[in-house]
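Chemist: Okay, here's what each chain looks like letter by letter:
Number of protein chains: 2
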Amino acid sequence: MSIQSLIRTIPDYPKPGIMFRDITTLLQDPVGYRLCIDDLTQRYMTYDIDVIVGIEARGFIMGAAMAYTLNKGFVPIRKKGKLPGDVVGQEYQLEYGTDTIEMHKDAIEKGAKVLLVDDLLATGGTALAAAALIEKIGGKVVEMAFIVDLPDIGGSKKLEAGGYAYYCQTEFEGD
Amino acid sequence: MSIQSLIRTIPDYPKPGIMFRDITTLLQDPVGYRLCIDDLTQRYMTYDIDVIVGIEARGFIMGAAMAYTLNKGFVPIRKKGKLPGDVVGQEYQLEYGTDTIEMHKDAIEKGAKVLLVDDLLATGGTALAAAALIEKIGGKVVEMAFIVDLPDIGGSKKLEAGGYAYYCQTEFEGD
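First to last, the protein sequences are chains A and B. Positions 5 to 179 (the working numbering) are the ones given, in order, by the first sequence. Positions 5 to 179 (the working numbering) are the ones given, in order, by the second sequence.
Don't take each hint at face value.
Pairs count within a copy or across copies, as identical chains cannot be separated in the list.
[To be verified] Straight-line Cα separation of at most 27 Å, DSSO-like style, residue types lysine-lysine; simulated pairs: (1) Lys83 to Lys19; (2) Lys19 to Lys114; (3) Lys19 to Lys109; (4) Lys114 to Lys84; (5) Lys114 to Lys162; (6) Lys84 to Lys117; (7) Lys140 to Lys86; (8) Lys161 to Lys109.
Since the hints were derived computationally from the structure, they do not count as laboratory data. Small disclaimer: the values here were computed from a predicted structure and weren't measured.
With the rest of the complex left out, here is chain A (with noise of 0.2 Å):
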């Protein structure tokens, strides 16, 4: 058994051509969550880490579990109009127009070293936005890490030239 086998696509979703890579599989698989999430905590638990942060939504089943796995806190960054406490918001461009990401302003330290957790990197547009939140409020992305990489959509070109260090548990080609 391995992540990727556990990884479901499904065909034109969310309209056609696409081919939608679905982690609900790998997630509701005991033993396939538990791979994903112990390959994950292997990798980190020698990181100079202070706090894992998670894109809404998938990126905080991921992200819950190794912080606690890594004995860390969570921090949530969640789409416009969703955090209660004073934010800092991030633009950031979709296919169509543009959506905005927030993080609570007191959500971490400055200097705080963050894992940035999601479960899928495409264009790198909402990973790239994440970390400018993080870096607006003085922390510092560590790295970034994925359940599953689209190397064809160009994500993990883009982090590399904004000289950000991550880490894919699965690509798929030809997306």
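Here the structure of chain A is known, so what remains is to put chain B in place on it, guided by the hints.
Modeler: Then chain B, alone, in the frame of chain A:
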């Protein structure tokens, strides 16, 4: 240090007169977060449970960590239109209008014993809709777990009336 003392209250959010109980201050505290997850894990480690189901989005945070500690799979219940596979849906009442949550039809086995998880119990509307979804696809809700109960809003009474067992780590009266 207690779980309750780490939950921040934000007055007049999302609208005047509401005392918003903000669990992000609990989650971002490494000791508090561990207290929260360990308490839930200790409660459920002797329960006969097959799978953890978490409600989007904050229910993913506790649910995913508990799935890991309890060695179960994790299944997300999401807002309408967010799950890529075949889903069942359930509408429920909001203060004004309605909302719909969805779950993958093949997310759990028939007869599966489910622990349902969300961060906060207020009216109970979302929790009851989530339970209905689980039952539509043949699951059985063993118990529902929340970090916060707001008993004055009446959700806990509705769960009791529906015959559901539930557990809340903390309680804020006067809401």
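Chemist: Each of the hints needs a verdict: does it hold here or not?
Modeler: Here's how the hints hold up against the structure:
1. Lys83 to Lys19: Answer is both; intra-copy 22 Å and inter-copy 18 Å each pass.
2. Lys19 to Lys114: Intra 42 Å, inter 31 Å, cutoff 27 Å: neither.
3. Lys19 to Lys109: The answer is between: 21 Å across copies meets 27 Å, while 36 Å in one copy does not.
4. Lys114 to Lys84: within (23 Å within a copy, 37 Å between copies)
5. Lys114 to Lys162: Only inside one copy: Lys114 and Lys162 sit 26 Å apart there, 44 Å across copies, limit 27 Å.
6. Lys84 to Lys117: within (24 Å within a copy, 35 Å between copies)
7. Lys140 to Lys86: within (19 Å within a copy, 30 Å between copies)
8. Lys161 to Lys109: The answer is neither: 29 Å in one copy and 36 Å across copies each exceed 27 Å.
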